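Asker: Residue numbers (the working numbering), protein chains in the order written: chain A, 1 to 341; chain B, 342 to 967.
Bear in mind the hints are in silico, worked out from the structure with no lab data behind them. Note that this is a predicted model, so its numbers are computed, not measured. Note that beta-carbon positions come from the ideal geometry of N, C-alpha and C, so glycine has one too. There may be inaccurate statements among the hints.
Think about it this way: if two alpha-carbon atoms lie no more than 27 Å apart in a straight line, the pair counts; the simulated DSS-like pairs of lysine-lysine are [said to hold, decoys possible]:
| id | chain 1 | residue 1 | chain 2 | residue 2 |
| --- | --- | --- | --- | --- |
| 1 | A | K336 | A | K324 |
| 2 | A | K336 | B | K948 |
| 3 | B | K767 | B | K631 |
| 4 | B | K533 | B | K544 |
| 5 | B | K605 | A | K336 |
| 6 | A | K336 | B | K539 |
| 7 | B | K543 | A | K324 |
| 8 | B | K948 | B | K402 |
| 9 | A | K257 | A | K305 |
| 10 | A | K336 | B | K767 |
| 11 | A | K286 | A | K147 |
| 12 | A | K336 | B | K631 |
| 13 | A | K47 | B | K826 |
| 14 | B | K631 | A | K324 |
| 15 | B | K767 | B | K538 |
| 16 | B | K918 | B | K953 |
| 17 | B | K465 | A | K336 |
| 18 | A | K324 | B | K767 |
| 19 | B | K539 | A | K324 |
Stretch by stretch, here's where chain A covers chain B in the computed footprint (C-beta under 8 Å, at least three residues) [said to hold, decoys possible]:
| id | region |
| --- | --- |
| 20 | 511-522 |
| 21 | 580-587 |
| 22 | 803-815 |
| 23 | 937-947 |
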Amino acid sequence: MSTTETKLPIYTAKDFTTDQDVRWCPGCGDYAALAAVRKVLPKIGRKKEDFVFVSGIGCAARFPYYVETYGMHSIHGRALAVATGVKCANPDLEVCVVSGDGDLLSIGGNHTIHTMRRNVDITIILLNNKIYGLTKGQYSPTSETGKITPTSPAGSIDFPVNPIALAVAAGCTFIARSLDVDMQNLDNIIQRGMAHRGTAFVEVYQDCNIFNHKAWFYASQKDTNPENTVMLEHGKPLVYGTDRDKGIRFNNGRPEKVVIGQDGISESDLIVHDETDPILASMYSKMAHPEFPEPMGILYADPSKPTYNQLLHDQIEHAQADGKGMDLQSLITGNKSWTVE
Amino acid sequence: MPADLTMDKVPTTLESVVIRFCGDSGDGMQLTGGQFTDTSALFGNDFATFPDFPAEIRAPKGTTFGVSGFQIQFSSQDIFTPGDRVNAMVAMNPAGFKVNIDDVEPGGIVIVNEDEFTKGNLSKCGYLDGYNPLEDPEIEHKYALIKVPMSRLTKESLAESGMGAKDINRCRNMFALGIVYWLYERPIDNTKDYLIKKFSGKKNLPEVAKINIQALEAGYYFGETAEIFPSRYRVPPAKQEPGTYRQISGNEATVLGLVTASQKASKPIVYASYPITPASNIIHGLSHLKRFGIKTIQSEDEIAAVCTAIGASFAGDIGVTGTSGPGLALKGEAIGLALMLEIPLVIVDVQRAGPATGMPTKTEQADLLQAMYGRHCESPVIVVAPKSPADCFNMAVEAVRLSTKYMCPVIYLSDGYIANGAEPWKVPDVNSIPAIKIHHPSREQFEDREFLPYERDPETLARAWAIPGTEGLEHRVGSLEKEDKTGNVSYDPDNHDKMVRLRAEKVKRAVNSIPLLEVNGDEQGDTLVLGWGGTYGSITTAVQHIRARGHQVSSAHLQYLNPMPSNTEQVLRSFKKIVIPEINLGQLSMLIRSQFLIETHGINIVKGQPFKVDTLVERIMEVIES
């Protein structure tokens with residue numbers, strides 16, 4: 001099933017489009033994510049049949065039905081556990097999980113933590129709309145405290161989970177963030193994520209225009225985006241702002257917003273993004289609106305950690321290396337048998 | 342071995358003996374019993390064992406709840422159970438004595454480590470102040486009580502070893518084993534070899550091996566020289582069919598069955614499991630068999646385990662998950678997914694006493710209805726149940742065979758009793774086990790027609806198992822209801838009705854792939870005792886006893902619970918009375934009544950223990966005579 005030896009067909013986004021009608025609400029941010037994925041898949045360098053998309057339950061979880069590859073729409077919260085099985089059975093497959101904030105962080109939160117800590121080679125695309133859409137508008141684990149919803153008429157008293165901080169804590173080896181509307185960045189990130197060997201986690205700020213419209217407008221709009229987000233580029237300083245005149249520097253070990261050119265501050269004073277630095281990743285995870293512009297792009301990428309599926313197969317190969325002890329009859333007879341004549 | 346000093350005494354020959362070793366959970370009773378079993382197996386006896394231990398790894402020393410026991414019946418005849426009444430007990434401490442003495446037959450041998458019957462230890466296990474059972478005339482009168490200062494004798498025999506008191510103390514169980522080996526004319530060489538291997542290998546503790554062997558020999562010689570036993574006993578080897586034998590426990594047999602199934606299917610098994618008593622040693626065993634391509638995954642929870650197995654099956658391996666009753670409950674939704682996806686999945690449930698945490702190390706048969714119906718909506722699955730430790734091998738192979746043939750989840754119901762109990766097993770010739778044929782479609786088959794993921798084999802109704810990586814057969818499966826044939830999401834009312842019936846019909850058709858129900862005894866008559874799962878041994882023995890008394894009674898044992906063999910109703914209707922003993926409140930009875938409208942007489946005892954043969958005989962006789 002290896003793809004390296006045979007010549008790849010030339011695909012377009014259309015090759016990854018199924019005959020199923022897409023049933024998301026018009027204007028839903030999921031369309032953007034779907035478009036990005038269909039656009040990216042031809043560039044991954046894998047055959048169509050080697051992709052497997054797995055999802056859980058929720059609006060976002062309908063995703064596999066719309067991508068012309070192998071796919072499974074599983075049950076609520078369990079996509080990553082299923083995907084782990086797929087990858088362990090056949091590590092040659094390119095396995096991708098697309099699901100929402102309820103699926104991956106609430107009912108399936110445990111699997112998110114453990115998939116990341118094991119570093120199973122799966123790309124996770126979290127379509128985070130900070131709301132439960134399919135069940136009609138209840139607050140989600142990423143909703144802000146105080147949110148008024150059908151289950152929280154007096155305001156939600158839950159404190160939200162921070163997906164990036166969770167990924168850092170769980171030891172995820174690739175952590176990225178994008179806006180649904182930022183097609184170019186989303187493309188790049190998904191492509192890098194799929195190329196990454198290990199768990200790649202991509203948080204997408206996704207607009208639910210029915211139940212939580214404008215939740216991300218502080219970051220996603222033409223006028224808000226430059227001031228409230230900072231696009232990270234490996235080896236480049238953290239510069240942002242409509243006029244690209246602002247940056248982040250360290251002050252007494254803490255990040256600080258500064259204006260370039262003011263008080264003698266130049267670009268050389270700014271923090272330089274190093275995607276291999278877990279300390280920086282940890283810091284980015286805590287940089288939140290409105291105190292800071294929110295980091296976008298690839299926050300962290302560590303290709304050095306071996307993957308779970310690789311280690312699993314290595315152990316099997318190692319056990320089989322000497323070709324000994326592989327006789328079934330000897331195994332079941334054991335070493336303490338006796339013979340009755 | 343020196344000249345046998347007891348040559349002048351003629352040993353008493355017995356058909357069968359039941360011995361129970363008991364003591365603190367740190368006293369090494371499981372090891373001691375295991376060694377006695379190994380030796381008896383090599384000696385050629387038939388045997389059945391019953392390890393009985395607390396869930397606490399090291400409960401407070403000397404307490405009754407920390408008592409660990411190991412019972413073995415060994416025999417010159419065919420036997421099916423570890424026995425009801427204990428003929429000889431070895432009690433390493435007062436707590437072990439207190440918990441087990443009532444199971445010893447009157448006149449039975451009771452060997453105690455009298456050094457442990459101190460005031461403090463007696464009070465720790467709840468004996469009244471000033472009372473010592475070893476000084477109780479009633480006890481002395483009722484049993485052949487043999488008081489041996491085992492702690493002191495072990496210490497004295499190892500005084501010159503230079504080892505610490507702790508190491509020396511740990512050899513007491515070997516001293517006790519030595520006594521019992523002498524008493525039942527067993528050779529000690531097998532255990533000596535074991536000790537050398539255990540301690541001299543990787544552990545590199547040859548001196549520990551040495552003192553254990555010294556203690557074993559000291560116990561043996563003590564039996565020989567002390568002249569405190571009225572007789573030695575001889576249990577001749579059993580007449581067994583020619584062949585190669587080994588001893589095997591249910592969980593070991595499950596492991597070997599799964600590996601064999603994997604080899605016969607030429608497919609790796611992915612065994613994903615979360616540790617749970619009494620199923621854990623299945624994943625332990627499989628984890629050591631990577632050389633057979635077995636992939637074991639210790640999942641983060643029960644739900645992850647079943648879902649990982651499902652993912653593995655989707656990708657073309659055989660997904661298996663193992664658990665006990667509480668875990669089966671957690672896996673319920675995902676089993677629904679597997680049957681909706683129509684892919685292979687084997688769920689091993691080693692049943693234990695519950696509900697909730699219940700009594701994790703004790704046995705029960707109360708997950709039958711959970712296996713049958715413990716899911717949302719119409720979700721039939723195939724259910725099989727091994728009947729004895731060795732039968733776990735066959736039924737594990739069967740579970741994989743049925744699951745892959747019918748593209749359907751199979752629940753495999755073992756239980757704590759057969760999982761841990763051991764018996765001799767005539768090792769099958771692996772070449773005699775048929776291959777498990779699996780077919781994955783390829784694009785070439787569909788050159789002239791469209792591949793439809795839910796198109797079915799007309800005979801089995803199984804859909805094709807097209808796996809990711811196959812060019813041209815890309816498709817999506819999911820938990821949503823799907824249109825027949827295409828697999829597209831469908832909310833059509835008629836389609837849903839059709840799919841519900843198709844999934845049920847597919848399970849029913851598995852009846853064509855399972856053997857008929859066999860009757861043990863006359864094929865018709867007054868009374869049939871019907872059982873399932875791990876109670877086979879006790880039911881078979883009880884029915885033999887009743888027949889020996891001249892009553893007409895037969896038995897039958899269901900290894901396939903869903904579907905049941907095609908002749909089940911006919912077998913049942915050939916008898917006037919159907920008696921169903923179960924370690925639950927009547928779950929098979931409920932199934933039989935609802936499926937066949939046949940009256941049943943339940944014998945239901947739910948004590949976390951296997952049935953006693955005497956109890957079954959008594960209760961079956963009540964029905965016969967009613």
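Asker: Does each hint fit the structure? Answer for all of them.
Answerer: Here is what the structure says about each hint:
1. A:K336 with A:K324: 19 Å, holds
2. A:K336 with B:K948: Status violated; Cα separation ~34 Å.
3. B:K767 with B:K631: Between K767 (chain B) and K631 (chain B) the Cα gap is close to 25 Å, so the pair holds against 27 Å.
4. B:K533 with B:K544: With Cα atoms ~16 Å apart, K533 (chain B) and K544 (chain B) stay inside 27 Å; holds.
5. B:K605 with A:K336: 24 Å, holds
6. A:K336 with B:K539: Roughly 14 Å separates the two Cα atoms, so the pair holds.
7. B:K543 with A:K324: Given pair K543 (chain B), K324 (chain A) holds - Cα atoms ~20 Å apart, limit 27 Å.
8. B:K948 with B:K402: 25 Å, holds
9. A:K257 with A:K305: 33 Å, violated
10. A:K336 with B:K767: Satisfied, since the Cα-Cα distance of roughly 13 Å is no more than 27 Å.
11. A:K286 with A:K147: Between K286 (chain A) and K147 (chain A) the Cα gap is close to 21 Å, so the pair holds against 27 Å.
12. A:K336 with B:K631: Within the cut-off at roughly 21 Å; holds.
13. A:K47 with B:K826: At roughly 26 Å apart (the allowed maximum being 27 Å), K826 (chain B) and K47 (chain A) satisfy the hint.
14. B:K631 with A:K324: With Cα atoms ~12 Å apart, K631 (chain B) and K324 (chain A) stay inside 27 Å; holds.
15. B:K767 with B:K538: 25 Å, holds
16. B:K918 with B:K953: 22 Å, holds
17. B:K465 with A:K336: 40 Å, violated
18. A:K324 with B:K767: Holds, at roughly 24 Å.
19. B:K539 with A:K324: 22 Å, holds
20. 511-522: violated (count 0)
21. 580-587: holds (count 7)
22. 803-815: Satisfied; 8 residues make the cut.
23. 937-947: Since 0 is below three, the answer is violated.
This entry does not satisfy hints 2, 9, 17, 20, 23, going by the numbered hints stated previously.
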